[in-house]
Amino acid sequence: MSQELNVMESVTKRRPKGWARWRVLTLLMAVFVSLAGLRVITGQDMLTDAGTVRTTLTFAVPIGLAGLGGLWAERAGIINIGLEGMMIFGTWFGAYFAWSFDNPWIGLIAGTMGGMLGGLMHAVATVTFAVDHIVSGVAINILALGAMRYMSILIYSDIPGAGAAQSPVAPSFPTLNVPWLPEALAPVAQSGTFLISDLASLVIGLTTRMSALTLIAILLIPITYLVLWKTTFGLRLRSVGENPDAAESLGVPVYTLKYIAVVVSGGLAGMGGVFLAVVASQIYQEGQTGGRGYIGLAAMIFGNWRPGGLAMGAGLFGYTDALQVRGGGAAIHALLLLLAVVLLVVAVWQVRKDRKGIAIAGFLAAVVLLLWYFSTDSLPRELATYSPHVATLLVLSLASQRLRAPAGVGKQWRASRS
Amino acid sequence: MSKLPRPDMTMSGPVVAAIAVVLGAGVTAGLDLALLWWVAVIIGVVVAFGFVAWAAPLIPDERGAGSGGATEEGTALHKTLVVPTALLLAVVSGLLSAWLLDLQLQEWAAALLGGAIGAALAFLLFHRLSAMLALSFAAVFAAGILAIAVTAAVLYFSGITPLATFERMLEYGTRPNSMVQIINDGVTYYLAAVAVAIGFKMKLFNIGVDGQYRLAALLAAAVGGYLVLPPVISQFVVIVTAVAVGGVWAGIAGYLKVARGVSEVISTIMLNSIATGITAYLLTEGRLAVEISTNNIGTPPIPESGWVPGIPATFLGSEREIFGLIFLAVAVGIGYWIMLNRTRFGFELRATGQSKTAAEASGVDVKKMVFLSMLFSGMVAGLVGLPQLLGSSHYYALDFPTGIGFIGIAIALLGRNHPVGIVFASLFWAFLNQAAGILPFDGIPQEIAVIAQATIVLTVVVVYEVVHRWGRRYEQQQIGRQLGQTTETTPEPAAVSHGPEHGSDEGDDSVPGRSKEDGTDDKSGGEAQ
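Protein chains in written order, with my numbering: chain D, 1 to 418; chain E, 419 to 947.
Worth double-checking, as some hints may not be accurate.
[Stated by the list, open to error] Facing chain E, according to a computed beta carbon distance under 7 Å, are these residues of chain D, among others:
1) Met46
2) Ala139
3) Ala298
The set of hints was computed from the structure by calculation and includes no laboratory data. We put the CB at the ideal spot given by N, CA and C, even for glycine.
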């Protein structure tokens, strides 16, 4: 009896119904409002202008696609640290085929296939041979780097403007514009009113010069959600990641689903690679992925193995990257203030929860950040570049105990029949 | 071998070993007069091995595999796998030692010594090679052959003749100067791989070795360059700085894992990037860097009193020097072995790596272990840059080698986290890197070495996994069979039951319930990573 009572209590203590569904949106809005506020207080227009929104998208899409790849694999129980390598396959094949056929869509297909090839290798090693997932992923990363450089030397050696480290310029995807909206909103955006002009900038940024692939990538997030959470196939795939033994006993084809998940994962990472090569720079360059596969994985963990959270994580990385690329040492400097305030709020929150250690740590960190903010004008460029990584570490260390990975992730599982 | 007549007597182990060595050396020396040296060595070692196999039943039983592995000898696995592996290993090591000695000695002396070494190893391996170890070696051989085949296929499909390429690589890689370079690179790789292996033993993936060693090398170089200290003390301070920085940087990941439950894979990757940022920040003029040459900046060079002198490599026939810090790598390797096998910490480390819950239940403080092994891993990682720093470049500049941490991961996998295995793996890796350096002159992309390396890592882990699974299943069958035997009959005298006529074709019957055990055990097949 008493146990039942306890259960009842814990249920009623939870947040109101429907909160889970709107949590992502609420958080996004809170972030947006605070950024708008920060812009008004510090006068850094770059924080929310249309250019920043566009650049953010450009940087967030590859990370988001890699993160989606990680999501598919990990939901089926396979850690995919080979995302980086699969992205490299994507960049190379995407650029090569887009260039040689003079058609970005063929590049997209080829790059996605290249990533899928990497995924297939990972699947053979981890699913069929039950090799440790991280080991296989690391090997794929090494292989991708060497193999693509090898191919570049073989293929691009006689082509002017290309070589071992880069491809010729490839054609890009068409860009999409909404006809009259941006012009209509431009004066509003320039007015500088709190929140309203920020919203206008956001709309302008989202409606002008958006690459077709960006749109596809953004659409893939709800699609992934629908497939994995609203279909039988998705339920089975996730059950494989949670408890493969139970899934197998119910007749779910565990190996097949794991294969599908890892190959799709590779394909998504490859698509992220195509975006980097064809949209972001129109050229394949060695080292172009720059660890974005790993960051995608971090964004996915950040987002608690959910598509919405993952999009937020990718957005965070994309945003700080965008500010940094647009020469916003000062803008990132302004973010210090926001971070300090957030840390202060966290500290107060922890005091209420009677966890003094974290509260004191949070408070001290906030004070240090405030001192830093008021004693300098700008963040050194080298450090600004890596602010997303620091942010990830901070967020993970503050939130990681609430995150829940699929229960069967990383297990070297073998079917009971063999 | 069992067909040959044997005298009705016993021989003590050392006598057999001595005869084998004399036989091996003698046959080699004799044949060396008529044949090529390597053919002579092969035949000599094979003859010695044959003698050892023939004489094996004559040795009274306190030696041999009887002590540890119950009755491994005489089983089908032993006959089909362990013996051939032992033979192959003996021949290969005989050839290698003869070839190395050939650089120093006359050819006949080298061949003779090679034959002797091969024969001695033949005796040791025949009697001491356990089935599990033989399986590992067989797996590595198989993986090597697979990787070579894949590499050859890649070359062939790109329109390059594989054999000529391999020959060219072998020729260039064994030049004296190349060998010094291989040893020097190997020292660096070895340290990185040990750093990774400490974590691996505990199922911790320290992907952050890369960031740890770069940050440690930069700060150590700065300390060495700015603080002018008396000789010995300077080196000591530099090394301690590097160890401390590496330890702190890895300790952050360890702390986050223990206190906040952050996956060490993600946190070390982030710390890698942050380390890149910090090095870029510190390595600018006005902060830690000065101008080294027209387009290179770095920390001020360490004064000559702070260097670690190299070892002249004249015995390899080269003008260059081997890093003096090779002794540091050796010490780290020995320390790693002692820590793993002879200390309580090492025992708890391995126990935690194999089963966290079991370790916890038997009183191991898992959290403390996670933090400490991460810390130790980082401390070793801090050493990675030092051979290069103190032995060759003497400053940390923009062109300091990067990415060694990731190579270390691959090498630790290849060497199966074993202190000796990693030695061979790192030398092999360095050999591939160095040997491929000649290929661009022939218009062949040298990245074929990277492809070979990645393929071999993948094939090694896959083949090892498969072979390991077979081995376990086989071992369990053996145990089941033995249990069945001992309950039926009284045990016979041990010397006889080791004979090959026993237990070879007893059929596949076994105790009931065995197959079930197989099933459960397969899942833990990868624990020996």
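Minimum beta-carbon distance criterion (7 Å), Ala139 of chain D to chain E
holds (4 Å)
Is the interface hint for Met46 of chain D satisfied, with its Cβ closer than 7 Å to some Cβ of chain E?
Cβ of Met46 of chain D sits 21 Å from chain E, so the hint is violated.
Tell me if Ala298 of chain D is really an interface residue toward chain E, meaning its C-beta lies closer than 7 Å to one of theirs.
holds (5 Å)
Violation of the numbered hints given earlier is confined to hint 1; every other hint is satisfied by the structure.
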